[in-house]
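S.K.: Sequence:
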Amino acid sequence: MLPPISNNTIPPIAPASVHTPCATLMKEAMKSLLSFQFGDFRARIVEIVRVLTDTHGEKLTCSGLNLHLDTLFSEKRGWTTVKGTSAYTPIEQTVYRSTQIGNTTYLVSAPAHDLLDEHSNEAILSGGHSAAVLLEEIKKEFPTGNVKALMPIAQSNPLGCFGSRGHFVLCEVDINEGIISAITLHDSKAGLIDGFYKGDKHLKKQLLNHESLGLDKKFILTTQHHGHQHLFNGNDCGRYTLYYADAIVNNGSLTGASAKDAMAFFSQHGVK
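Numbering of the sequence shown is given in this note's numbering, commencing with residue 21 and proceeding in unit increments.
Heads up, some of the hints might be wrong.
Taking lysine-lysine and the BS3-like style, the derived pairs with C-alpha atoms no more than 25 angstroms apart in a straight line are [unchecked claim]:
| # | residue 1 | residue 2 |
| --- | --- | --- |
| 1 | K238 | K221 |
| 2 | K225 | K238 |
| 3 | K225 | K237 |
| 4 | K103 | K160 |
| 5 | K280 | K225 |
| 6 | K160 | K238 |
| 7 | K160 | K79 |
I should point out that these hints are in silico values taken from the structure, not numbers from a laboratory.
Use the sequences and the hints to build the structure in full.
M.R.: Here it is in structure tokens:
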């Protein structure tokens with residue numbers, strides 16, 4: 021005969037719940053594994069794109085580019101620096117650096133923008149320095165002799181429906197006895213995008229807006245599209261601007277410049 025059923029029966033063992041510690045750990049482990057795999061895959065894609073487009077690193081800001089200019093053209097290397105503040109930052113930074121090479125005074129300025137409205141938010145975000153205002157200051161400080169000013173330009177006017185251009189080029193300005201004789205924009209990319217942006221026209225319009233520069237409306241501002249930067253490389257324009265400035269100071273021109281030499285320059289000088 022079976023024993024009577026007790027009122028204190030043991031409850032049945034429930035199946036493992038997803039809320040139990042063990043199940044939670046397993047779930048988190050799978051999420052981490054999938055996340056790692058996806059992250060690793062994404063990193064590989066990014067690396068492949070970087071190699072295919074010859075991209076060296078992240079895009080430089082105006083202040084970051086100026087700090088690299090400080091290193092390249094430092095007082096230890098014989099450059100005299102002039103510091104000041106701008107609408108971009110109250111912190112004192114280098115406005116331009118100068119040195120004498122032969123019978124020419126070389127100047128390398130802080131990044132400047134090509135905007136007509138020099139007090140707009142876009143101008144502040146583009147370094148706070150107007151290219152025209154910087155040229156005015158340089159002309160006042162160096163009214164005689166031969167001067168070659170090298171100015172990184174943050175092209176900041178709108179590029180159609182894509183927002184601001186967001187591209188660095190190097191502006192080479194020759195000044196003889198206080199008179200601007202030539203202005204050339206050195207663009208590391210080929211002319212496809214600039215054909216829509218027309219960087220020379222934007223900068224010329226800003227410069228002509230400052231009568232003290234003494235420029236005739238018929239003066240020619242030329243652009244050289246070197247094509248060293250890959251079309252789909254949107255990061256390294258600031259690095260090429262550094263490379264071009266260094267090449268012009270040391271070699272007098274960009275005759276021997278190349279994408280291969282630029283990459284070696286980035287690595288040698290730690291331009292990350």
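S.K.: State for each hint whether it applies.
M.R.: Structure-based check of all given hints:
1. K238 x K221: 12 angstroms, holds
2. K225 x K238: Distance of about 12 angstroms is within 25 angstroms: holds.
3. K225 x K237: 9 angstroms, holds
4. K103 x K160: 16 angstroms, holds
5. K280 x K225: Violated, at roughly 35 angstroms.
6. K160 x K238: Holds, at roughly 23 angstroms.
7. K160 x K79: 33 angstroms, violated
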